[in-house]
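Enquirer: As a plain string of letters, each chain reads:
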Amino acid sequence: MMTREQRTGLALMLPPALLLVAGFLLPLLFVVYTSFMPPRTFGLASPPTLENYVTAVRESYWRPFAWSIFFATATTIATGLISWPIAKALVRSSRRFAVTVSVLIAVPVFIAESVRLFGAHLFLMPRGGILAGTIQYLLGLNIGSVLFTPVATLLGLFYIYLPFALFPMVLGLSLVPRDQLEAAQDLGASPWQQVRYIELPVASPGIIIGSLLVFVLALGATTEAHILGGQSAVPVVHAIEQRFNYAQDWPLGSALATVLCVITAALVFPLISRLNIDRLFSR
Amino acid sequence: MTKTETILSLRNISRTFGNKAAVKDVTLDIKEGELFTIVGPSGSGKSTLIRMLAGLETPSAGDILLRGTRINDMPANRRPTCMVFQSLALFNHMTVGENIEFALTVRGADRKARRERARELMALVRLPQEFYGKSVLRCSGGERQRVALARALASDPDILFFDEPLSAIDYRLRKILEMEMKDLNRETGKTFVYITHSLEEAMVMSDRIAVMRDGEIVQLGDPLSIYNAPSTRFVAEFMGQVNLLPVAVDGSGSYVIEGIGAPVAQAFHAGPHSSIMLRPERLRLLDKGRRADVEFDATCFNFYLLGSRTHIHLRRDERTFIVELSPDMAVPEPGAVVRVGFDWTDAVSVQGEAP
Amino acid sequence: MRPEQAERGRKIWTVVVLVLLYLPIVSIILASLANTRYLRFPHSSWTLEPYRQALGLDQTYDLQMTSLKIAVSVALFSVIIAVPGALAFARYDWTGRKLYQRLLLLPVFFPQSVLGLAALVTLSALGVNLSWKTAVFTHAVWIVPIVTLIVSIRVYGLDRAQEEAAFDLGASRLQAFFRITLPQILPGLSSGALFAFLLSWSNMPLSAYTTGVDTTLPEWLYSRMATNYAPMVPAVSVLSIIASIIFVLVWQAGRVAVTRMAAKIAGRDLD
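Residue numbers (the working numbering), protein chains in the order written: chain A, 639 to 921; chain B, 883 to 1237; chain C, 509 to 779.
Mixed in with the good hints, there may be bad ones.
Under 8 Å between C-beta atoms, here's a sample of chain B residues computed to sit facing chain A [what the hints assert, rightly or not]:
| no. | residue |
| --- | --- |
| 1 | Asn954 |
| 2 | Ala958 |
| 3 | Cys964 |
| 4 | Met965 |
| 5 | Ala971 |
| 6 | Arg989 |
Bear in mind the hints are in silico, worked out from the structure with no lab data behind them. All C-beta atoms, glycine included, are put in the ideal place defined by N, C-alpha and C.
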């Protein structure tokens, strides 16, 4: 016997649930199924085979995976460290400062990624680029360029994903009650001890969400490598795209995509199920 | 029991926010081992004052001296003082034991020593030992209070500050904890500086009380003398229920009680802008032929049972009087006219005109 | 005082990061102000010519239109789906709610390119033609959860007692919803719609796979950046940024106007 409350809840969850089943679950199932199709075929009529996965291992497709995992890890750590002082400043400062800075950081997020990265590219271009050109003009120095190196890709990743690390961290830090920090101080804790015993534990849901978000999104990123890194380090999504576009090998592309999904799911599921979502968002 | 050594001195302490002065030129001495309470309505500056003493805020002017040494610039985590916050500020993500041991943890004490000290303190504040590993979120209001107390005592501070810690508790539990606080003060011998807006609490617990209003101390002394001899109308009304009789000057220039006509006794120090204050227990119902220095009639309109006492409210000429009945008296019928009176030795002259 | 120094240090760091955050955007603006075939900064001659070209281009108009159609549709669609979604998320207590909350967030924590590819595979397997309509559907998959979350934050703050008071006074469930609940979550719907619009307007990975014949602005820019660069390209980028800023300002002004009008209609009770 379901209560009224339960029936209403179930009825209301249907619209988004249906959307996600049709638009998320179903396509993923298609991709997984396609990964079991023979290489270079189209459609789903052929008998299933594991050949694509074998090929993936044999032809060193682990390399793009390694690059992507490296990029994602580095980005998560870097954006976390860069965001921490900013998040603290936002939580402790006046409302006006916090709102102004938040808006300023949020606005670029709504400008297309490719546009922003293109701007970074123009900035970092050697000789005629904005940075190099200005330095040449003012100081007569001819500096090189980090473009087309993994460093450039990393800079692009830090740039694009910083807001995704910052805002959840602000959310997490805002959960730390001011009076508990004062009590800790009163009881003798140094500033570092206050961070270790009070701020980090209480803000951890926000930090976890932010890190997870950045990691997963950076793992699936490819535009930074395209626009800034060139061919220097090929991330896995780029390899997947190539299978789909140039090589016309959908099954192999699907196999690589499936592996990526599995890695993502392995990270996301355990961490998300540990979160108490009601407590986090109900303020 | 009077204490003699001064442990904490405030000299001309003030704190201004912008152009608003929260604390104005406060000077007082707190004796070692006493339970000193600062009472006042909200906005009187008492919270700001105690935060300055704890080191969570800096005075705009003046000096704070701990045993003679100026500690204005000493940050809170170095002062040998601990505060129990209004919200208690327990670390919700930690257990009872972790909370209590915190001061020791941050000083690097080893696990065994911390554990022992926690046990001691839990016994002292009457918390069952099994609570050690319990999450504070699952503790009741009273249990949380005790944890906060134990936590503050852990580092053996010289002074404990209390910022209205009992304001959010229900009545019954509050009464119990008030008495336990006083017991704790005696048992540990530590100086307690307590702030509250509740006069009852202050009266129950304190050795000395300072009444604060608009950033200034208006009266300082032991509870009974403040209660019986308030200096101003504000203190009188703040410290409890009170009858105020206005003083007027009659045709011949002498003082009379307005509305009743009786002359003010010579020994009673009336003055311009003053009133006659009588506590309900000092204004007596004159039944069975009893007499008093000043007598007058009033109409009874309601009565209130307050545990062991009964108050009746009387009206005369749009003025309300409160009289406390002694146990042997019958409550008059509402509407009945009764005779009440007082002796001049029971009356107090206070600054401030009666409404 | 040490904590105050730390406070100031953090603010300085914030400003530094903000400046770095805007360098690429400033670079695009600077790059758009010359008419040379290759970027040679500082420009020998500064001109607004690329903007003239950009504005004169027919393609620009078509691109903006496509992006606009998609973004508006996504915004409307998201808000409509997010209302029941948010109520189920934050308000009604039903078994499976916790699971629902987590599953709803999954598409957000997911590589967008893979989502786009998966959509492509599915749509072609089902024989559906790719157009701006399929892009709307695909955008919605990851934008609806975000909008739902935004509206849920409002829903969490609802005072249940007010709804109960409405029943007590005789309202039906539906009446209570439209008169009490909906007005109170309206600000959340408004922010959600704005968010949805902007996220869709600027999105490229999903659009790239699912728009088919139609092209959105970000798609076009991307392809032109890689090959066939011309100063007009940064100019078009800047124009699209300006377009979204204008949209936000108009939206905010509209909200303020609507709120003021509603207050007037409600009468003098607000005095």
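Enquirer: Just pull the numbers of the violated hints for me, sorted ascending.
Expert: Hint check: 1 fails alone, others pass.
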